[in-house]
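Here's the letter readout for the chains.
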Amino acid sequence: MSTTETSSGVSPVEGAAVYTVDNPAPVIQPPRQRTKKTPKSTRGNFEMYGWLFMRLSGVVLVVLVIGHLLIQLVLDGGVSKIGFAFVAGRWASPWWQVWDLLMLWLAMLHGCNGLRTVINDYAERAGTRLWLKALLYTATVWTILLGTLVIFTFDPNIR
Amino acid sequence: MATPVLDKADAAGKPEPGFADSPYITVTFRIRRFNPEVSAEAAWQDFQLEIDPKERVLDGLHKIKWEQDGTLTFRRSCAHGICGSDAMRINGRNRLACKTLIKDINPEKPITIEPIKGLTVLKDLVVDMEPFFQAYRDVMPFLITKDTNEPTRERRQSPEDRARFDDTTKCILCAACTSSCPVFWNDGQYFGPAAIVNAHRFIFDSRDDAGEQRLEILNDKDGVWRCRTTFNCTDACPRGIEVTKAIAEVKRALITRRF
Numbered sequence: 001m002s003t004t005e006t007s008s009g010v011s012p013v014e015g016a017a018v019y020t021v022d023n024p025a026p027v028i029q030p031p032r033q034r035t036k037k038t039p040k041s042t043r044g045n046f047e048m049y050g051w052l053f054m055r056l057s058g059v060v061l062v063v064l065v066i067g068h069l070l071i072q073l074v075l076d077g078g079v080s081k082i083g084f085a086f087v088a089g090r091w092a093s094p095w096w097q098v099w100d101l102l103m104l105w106l107a108m109l110h111g112c113n114g115l116r117t118v119i120n121d122y123a124e125r126a127g128t129r130l131w132l133k134a135l136l137y138t139a140t141v142w143t144i145l146l147g148t149l150v151i152f153t154f155d156p157n158i159r
Numbered sequence: 160m161a162t163p164v165l166d167k168a169d170a171a172g173k174p175e176p177g178f179a180d181s182p183y184i185t186v187t188f189r190i191r192r193f194n195p196e197v198s199a200e201a202a203w204q205d206f207q208l209e210i211d212p213k214e215r216v217l218d219g220l221h222k223i224k225w226e227q228d229g230t231l232t233f234r235r236s237c238a239h240g241i242c243g244s245d246a247m248r249i250n251g252r253n254r255l256a257c258k259t260l261i262k263d264i265n266p267e268k269p270i271t272i273e274p275i276k277g278l279t280v281l282k283d284l285v286v287d288m289e290p291f292f293q294a295y296r297d298v299m300p301f302l303i304t305k306d307t308n309e310p311t312r313e314r315r316q317s318p319e320d321r322a323r324f325d326d327t328t329k330c331i332l333c334a335a336c337t338s339s340c341p342v343f344w345n346d347g348q349y350f351g352p353a354a355i356v357n358a359h360r361f362i363f364d365s366r367d368d369a370g371e372q373r374l375e376i377l378n379d380k381d382g383v384w385r386c387r388t389t390f391n392c393t394d395a396c397p398r399g400i401e402v403t404k405a406i407a408e409v410k411r412a413l414i415t416r417r418f
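Residue numbers (our numbering), protein chains in the order written: chain C, 1 to 159; chain V, 160 to 418.
Isolated chain C, as found in the complex:
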């Protein structure tokens, strides 16, 4: 009948059973079990707007990113044409400034929100979640601010 018998729970030294009916082994609880008191209700539409933002920004990003890749890598000589002069020429036009700014903000927020949900799903301990998210938000804010600053203060005559 049985071929792969399980460990008997008898410790090798004493030869007595470690776990008995009166002293059962601890059961392993899955992460963050729901109880009568949790989750606490927060009452807000943040998660809904986050979910909607992911869908809408995703659609816009498809156009922005594919257009960006086409211009930068495929059309008009491909990647070899890119240099300081090319970038300076493009950012002289408000159209490309707005394009790049929109792409920067949407991509960063989209990615940030995506990672936020990944952290919420997979980081089990509250402390881990807090630190990972702090790191994520710092990086996001830093990148967005720096990118925005560069787009608006770009000086083609820099020496």
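Using 20 Å as the maximum straight-line C-alpha spacing, the simulated PhoX-like pairs for lysine-lysine come out as follows:
hint : chain 1 : residue 1 : chain 2 : residue 2
1    : V       : K329      : V       : K258
2    : V       : K268      : V       : K213
3    : V       : K380      : C       : K133
4    : V       : K380      : C       : K40
5    : V       : K380      : C       : K37
6    : V       : K268      : V       : K222
7    : V       : K380      : C       : K36
If you only want the chain C side, here are some residues facing chain V, beta carbon under 8 Å, derived:
hint : residue
8    : P24
9    : V27
10   : P30
11   : P31
12   : R32
13   : T35
14   : P39
15   : W51
In short, the hints are calculated from the structure, not lab data. In this text, a Cβ means the ideal position worked out from N, Cα and C, and glycines have one as well.
Fit chain V to the supplied structure of chain C, relying on the hints for placement.
Chain V in isolation, oriented as in the chain C frame:
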């Protein structure tokens, strides 16, 4: 009379195991065993049994419990796919043991049977369903009406209005969907598909007046927005409920506020 006829058929048409024309085959059940009174570790144990492949996995489990190892522990009540007690992970998929025929899951290889995931295993295939039912209770799965007076006549409903939530009335609360959801595995605070399905059943019921309240409950951090649309729940549902579609309808109702 029926009884003699049955007796005759029984005697003529059922060869014993081991004969050439026997319908019985040898199947290996590889069962995930856990007994906290013996060991802290869960481990696989193989059982071999002679069984008609047209029988169900539950029959095999009964055969093991009754003839080989009485300590094998699992839940079952009606044994006919309606009480929702015997959801388990069979060959890596959540199914009801009483609705799964052995011939349908390749009996040539060992059939693996585990408890459903994401809930505390108490013994062998028995899990603690309390967090699951807590989520169910939290969506208020009962009729709530504005008028507190006792109705003087039947609450009428058109067939069209009834059809809107017909699919989600089929739920038997077996937890096959919720325990197949990867979000639920990692975070038990998520309501899970089954609770959302049962909220859907009342949100879209024209006789019920607390749809807004239920939507608000599911709008929270651990509500419908945590669904990642992996369709595991739809695949797992032994009643064929389109679970992911029901969740999507709740999401849409939250955005458009029309239901």
